[in-house]
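J.: Listed below are the residues making up each chain.
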Amino acid sequence: MKSISIIGAGPAGIEAASILAQQGIAVTLFEKSSSAMKNVADKTFLFPDFAAASDIVEAMNKKLLNSNITLHCDTEIVALEREGKTSWKLTDAKGMSYYSDLVLIATGYTPFDAHRKEELGYGIYNGVVTSLDMEKMIRYDKIVNSLGEKPRRVVFLQCVGSRDEKSGNHYCSKICCVTAVKQAIELKRCLPDTEAYVFYMDLRMWGQHFEELYRQAQQEYGIRFVRGRISEASGTFDGRVQIKAEDTLMGLPLRMTTDLLVLMVGMEASEGTRCLGKACGIGGEYGFVQSKDPHLNDTATDQEGIFVCGTCKRPMSINDSINDARSAAVTILQAIQ
Amino acid sequence: MKDSFSIFVIPFCAGVLVLLGISVWKYWRWIRSFDKLQRAIIRKNIWSWRFLPAIWEAFREGLLHWRITKKNLLLGYMHRSLAFGWFLLIVVGAVQARLAYPDGHPFWMAIFYNYFEPECHPVDFPRAAFFANLMDGLLLYVLSGLMLAMFKKVWSRPLGMKRTTRHTLMDRVTKLALWSIFPLRLLSEAVTAGINGNGGFLVTWLGGVFDSIGISNPAFEYTCWMLYSVALGTFFSLMPFSRYMHIFTEVFLIYFRQLGVHDSNKKTGYTMFELSACSRCGICIDGCPLNRELGITNVQGVYMLQSIRNLELQRNAEPIAENCLMCDRCVADCPVNLDLSVIRRQVRIKNKAAIDTKQGYSYLNDVQPFNAIGRIAYFGGCMSHLTPDITRSMEIIFEAVGQKYWYMDKDQTICCGRPLLQQGFERQAFELRRKNTEMIVNSKATMLITSCPICYQSFKKEYHLSIPVMHHTEYIDMLVKSGRLKLRKDDRRVSYHDPCELGRGCGIYDEPRNVLRATTTLLKTDQEREKSLCCGFNLGNPLLDLEQQTRIRDAARDNLLAPHPDTIATACPMCKKAFTHADNIPVKDIAEIVAANIIEGSAQ
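Protein chains in written order, with this note's numbering: chain H, 8 to 344; chain V, 42 to 645.
Taking lysine-lysine and the BS3-like style, the derived pairs with C-alpha atoms no more than 25 angstroms apart in a straight line are:
(1) V:112 to V:565
(2) H:251 to V:476
(3) V:77 to V:502
(4) V:77 to V:307
(5) V:501 to V:77
(6) H:251 to V:451
These are calculated hints, taken from the structure and not from any lab test.
Go ahead and model the full structure; you've got the sequences and the hints to work with.
T.: Written as structure tokens, this is what we have:
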């Protein structure tokens with residue numbers, strides 16, 4: 008019987024583990040943080056149907072309750088090297104080694120660090136927050152400006168750290184467009200009197216129901232969409248944020264003062280993804296890992312015995328990650344038979 | 042003594058006449074085309090004592106090649122032996138002839154002394170043997186330099202140069218003439234020595250060898266002297282059209298520079314002196330980041346000057362001038378101290394003169410004046426607006442020392458104009474300078490502080506303000522030295538990146554380091570101060586794409602990361618942005634480090 012290790016207990020890692028476990032195969036699952044589903048747990052509601060993220064976390068955690076799955080939390084795999092002809096050696100940050108015949112990498116993404124876009128003032132002005140901060144505000148129903156008051160205006164800015172040459176990320180993070188629409192609607196549901204603006208380059212409403220959500224946002228909630236990027240943010244004496252932007256449809260530069268500026272941060276390859284991708288020679292663009300073939304063999308890699316799934320390959324939504332994990336599980340089943 | 046004339050001196054004399062005629066004509070024309078300011082400066086300073094340092098500098102640089110020697114001993118020796126050695130050959134030769142013929146002699150007799158004076162020991166010249174040996178020693182000195190020059194052509198690394206200049210055909214022909222002069226002189230004198238037994242230790246020995254193989258005869262002797270004279274004549278007549286024009290021009294340039302003349306935004310006679318003072322040594326090529334990181338080897342200072350000066354290459358001047366980061370690394374390396382960036386800017390200004398963007402400056406009228414009596418003015422700069430942590434830190438520092446200030450571009454930003462000027466938009470930059478000057482003068486602020494080295498250089502050199510202008514690192518250093526600002530030292534290990542515009546541009550190297558030493562542990566890097574590497578995101582070069590900029594940036598970053606710092610410090614918002622995107626290591630402006638380390642209540 009071949010031993011299988013899965014690195015990363017997010018939606019992808021857990022889904023693959025549970026499918027394999029249901030087939031009676033023993034799986035070892037490694038997670039660097041103290042609990043599984045860390046990134047999803049940061050969210051409150053999920054697009055496009057406003058499903059509670061906690062429900063998803065609970066459902067996924069239930070899948071871990073299988074005797075064939077061994078979960079090692081607080082175990083960060085930092086090295087992956089070939090051991091003999093068919094086996095792989097995994098070493099964690101504490102120096103412990105694990106041996107496995109097949110390895111599934113599901114190390115996922117990390118949100119773009121908004122401090123790197125200093126001109127947008129994150130970490131400098133209290134009124135500038137990221138989309139993750141906004142999720143927390145929505146969860147605790149405490150959407151407030153820097154002075155703790157109800158905001159009169161909230162501005163969402165798309166493509167922070169995605170489609171941005173300067174920060175080195177040319178790719179689209181895929182999920183931020185619809186997330187901004189979702190968050191703006193949630194904002195309007197909580198605070199109907201607050202004005203909401205979304206500054207965008209293009210709105211990519213690629214998924215089922217996304218376009219309808221976008222239409223609702225405009226027609227039912229009165230959210231205003233402005234095509235243009237924000238060039239810089241600065242603080243005002245009363246603790247608000249002044250932004251400079253260009254409305255590219257009107258062809259005019261504009262300045263606007265807002266209580267909250269929400270930066271829709273994109274997805275970047277996580278530290279684990281970068282490190283393991285490099286370690287076993289499957290590193291691709293922008294630190295993500297590369298599969299063998301994007302059409303026909305998207306879960307195997309050039310290294311025999313190494314499989315990949317989820318957002319360690321490219322930005323993906325949660326449901327796409329789960330589907331990808333299932334196909335990875337099938338590929339692994341074929342490989343061990 | 043033979044006759045004082047022989048046919049073979051004619052090529053030499055003709056060469057000298059051509060050289061003198063063309064040089065005088067050229068210099069006269071160039072001096073006439075100095076602009077008004079340059080003439081006024083010359084008129085004002087011409088009767089001062091400044092010619093004394095000029096003579097010293099001309100001796101040190103024109104003959105001893107001191108700056109090159111500091112770069113590489115062997116390279117310095119090569120240039121010195123050719124320049125100083127040949128100079129001494131001429132001077133000692135003249136003295137020798139003067140002593141041998143107290144009654145006077147035609148000037149060529151000093152050059153061809155051994156031919157015209159076959160006597161070993163002329164009766165009325167008791168020290169003849171000493172002079173003959175001295176002249177041979179000098180010839181040997183020059184020949185050793187020539188050997189090195191030939192060696193450098195094959196393998197330049199030992200002389201401290203990775204790349205050497207690709208010369209034009211004219212330069213190569215002239216070099217051939219120059220290189221043949223000294224071996225021919227040795228040959229001629231040796232053959233004469235073989236026949237007459239005159240000359241010093243070297244030629245007597247070689248003459249003996251020639252005699253023993255039987256080639257010492259008057260016909261061969263005459264041929265050799267003729268060839269020597271032709272080589273001299275060829276070199277002299279080609280010299281005004283080749284790079285060797287620098288030999289005389291550098292002396293003039295040093296003199297004008299000592300008088301206080303500097304280059305302006307238009308090509309003038311002074312520019313012509315600079316163009317001709319370039320010896321095309323190619324020292325500017327190795328340090329250039331475009332060469333080091335991108336392998337672009339045809340745009341450096343030497344090629345720019347070559348293309349401006351050479352009529353056939355003039356069409357290249359435009360693209361060459363555009364492809365430059367204006368990081369001033371070549372200016373720091375240039376042994377002749379040429380204003381390479383200013384000359385480059387002249388070409389850019391000429392290219393852009395036709396572009397009219399007079400419209401679009403109406404917004405300048407909306408900017409509100411401000412009364413800042415008793416305050417200092419703070420100009421963040423456009424780039425600092427994109428790094429708000431820097432401007433916020435400066436505000437914290439001003440408040441900590443109780444300094445009243447006027448944040449002049451907080452809401453309504455006017456550019457300082459330098460980015461436009463660097464691109465060649467002279468008139469447009471002037472509009473912005475005019476408005477900013479008006480604002481500053483009318484506000485009656487007592488001092489101007491800026492956070493951006495680009496603005497700093499502009500305010501300092503292009504504005505002619507009557508109030509002091511300081512970069513914030515200078516200001517903080519002043520506050521710390523005077524005791525107004527007390528700082529604590531934290532446990533950060535920092536490597537400091539010298540911004541081009543602050544370091545090489547304005548010579549501010551020590552103030553930032555003083556401040557960093559007061560607050561952190563400052564590490565040493567391999568390439569710092571004058572040799573610091575450009576971050577690549579400079580506004581100077583409009584042609585580079587992001588990937589190329591990134592490669593230049595990465596080289597600078599690797600240099601900073603080599604001593605394993607935990608923070609990169611810099612003093613320029615542009616450099617900060619460049620490095621922020623590079624790595625996960627924190628990049629901080631000095632103002633940010635200072636603002637985080639103020640001891641509360643230190644203000645007095």
